[in-house]
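These protein sequence lines map, in sequence, to chains A and B.
Quick note on my numbering: the first sequence kicks off at 46 and runs consecutively.
Quick note on my numbering: the second sequence kicks off at 34 and runs consecutively.
Hints listed in this document are in silico derivations from the structure and should not be mistaken for laboratory results.
In this text the structure is predicted, and so the values were computed from the model without any measurement.
You may find that some hints are simply not true.
[To be verified] List of simulated lysine-lysine pairs, BS3-like, C-alpha gap at most 25 Å: (1) K263/B - K151/A; (2) K134/A - K151/A; (3) K333/B - K167/A.
Here is how the chains run, residue by residue.
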Amino acid sequence: MTTVTQLGSLKDYRPGGVQVIDDDPRNYVFSNIFDVANRSAPYERVAVGKNFEYLIECLRAEGTSDWYACAHDEFAVCMDGLVRVELLKLDDPDDAVDPGSTGGHKLSGAPKGKPMGWSKIKRGHMALLPVGSAYRFVADSPACMIIQTIQGPETIERWADICQTESL
Amino acid sequence: MDTKTLASGFEVKAADNETGYRSYKAGSFSFSRDGYFAYIDHPNGRHIMSIDAFLRALMRDVAWGFFYGTVNFDSVFGTTNYYGEVEMFAGLYNDAYTKAGRDYVERFKSEDLMKIFREMISDWTVDGYDPFAAPMETGSAWGPKAGNNDEAVERKRVTAKRMVGLPGDTPVRTDANGYSVNRMFADVDQSEPEVHAEPGFEAEVSAFNLFAYLSRSDVTWNPSVSSVVKASLFCPTSEEYILPIEHGNDRCEWFLQMSDEITWQIKDGKTGKPRAQVICRPGDICCMPADIRHQGYSPKRSMLLVWENASPEIPDLIREGKAPVVSVKV
């Protein structure tokens, strides 16, 4: 038997949804990351999942991002397209971002540090964004990523705009 | 019985002369099986389940250490985790049973009940049957005692400490380490990311093919931890056929559908009354509220990212009624 694995993309996705019997669809905070990325500006960090302080952010990757740093590890998963992840070991991580803070922080200008290397991630690939480093993304054409992180200053929450509010 | 009093009285009985299977006792609950069925006897009645469904559910309860919240084996029998202690119940979360006064519950020290459950899954799983496998990929659970499959039932849940593939962490899956590509993911791209690390940074400049990793999973409905941000756990898993339990949430739990489609049937956590059906397709992300139970149906093997918050503070928040039922006010 030949089977075809269905994967989504920015150009080809077909959301499901909540079919209510006795409930409110908003309780399920239902959205689609490709839909969110299609409606986002490049590198906006839009929350699509929130569990206490923890987040899944959705990013539309397009062009070159600013540099970011974070006081804890983060992880990026490419869900469509191709993204180059560049890493730089910061000379003074605590100066770049408060060590007690959470989430990705946008850095002003080029950070000081030593190039660590880079990876190219495409659909289905996960990359470590290690604590103590700065990172930026480069995408020649639109791509979609999710970031496993914690709420930070760059997080955008627009739940009412992205989530299903009516039953299927 | 006062549910806060810990039950005792554990017993493993001799193998039955006809079936060859042992029977078990935990508190006032007794368990036995024959060729087709599992029987659960308790002071308020007897419950019967098809043995294959019972073993698939028992396997998850054992492998997940009673998991978060309630593991409903079906609409009647199950366990609720109190993190160190566990309640075993019949009909407790079934509106008809509770109204009729036919429900029954006892509380156990978790490790005591787990010991009995481990012995039961080992004795009752016959050679060739794998409770973790999709039905089309395993043999039969039926019939009299015929060997065992401890290699399958003693699998350990894979838990990365930081990220799969990092030095000293859980390795990526390959043919060489015994993980071949599943028949339903034969078309999944297996190429690994291009990674260029400067000297000295090889341990930090790291990426891996998560979809390929999932395409090589040898189990279904068994989330493994792939990456960790403090208490935030990405637990991706491959799913096929039906989630063997109705998972009753005690906290919010998120799902991101990475491939194919799962339909979730949602019922009220306490009464079992249907509340919703959630259809998830690639890219869909949603949250299970903390007061429901859910069961997924996956017609083709699919990739699902289960996202858990394993904060040790949450059990106390749940006990105090301070844990949110819904993650986000939309």
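Practice task
If any of the earlier hints don't hold here, list their numbers in rising order.
Solution key: none
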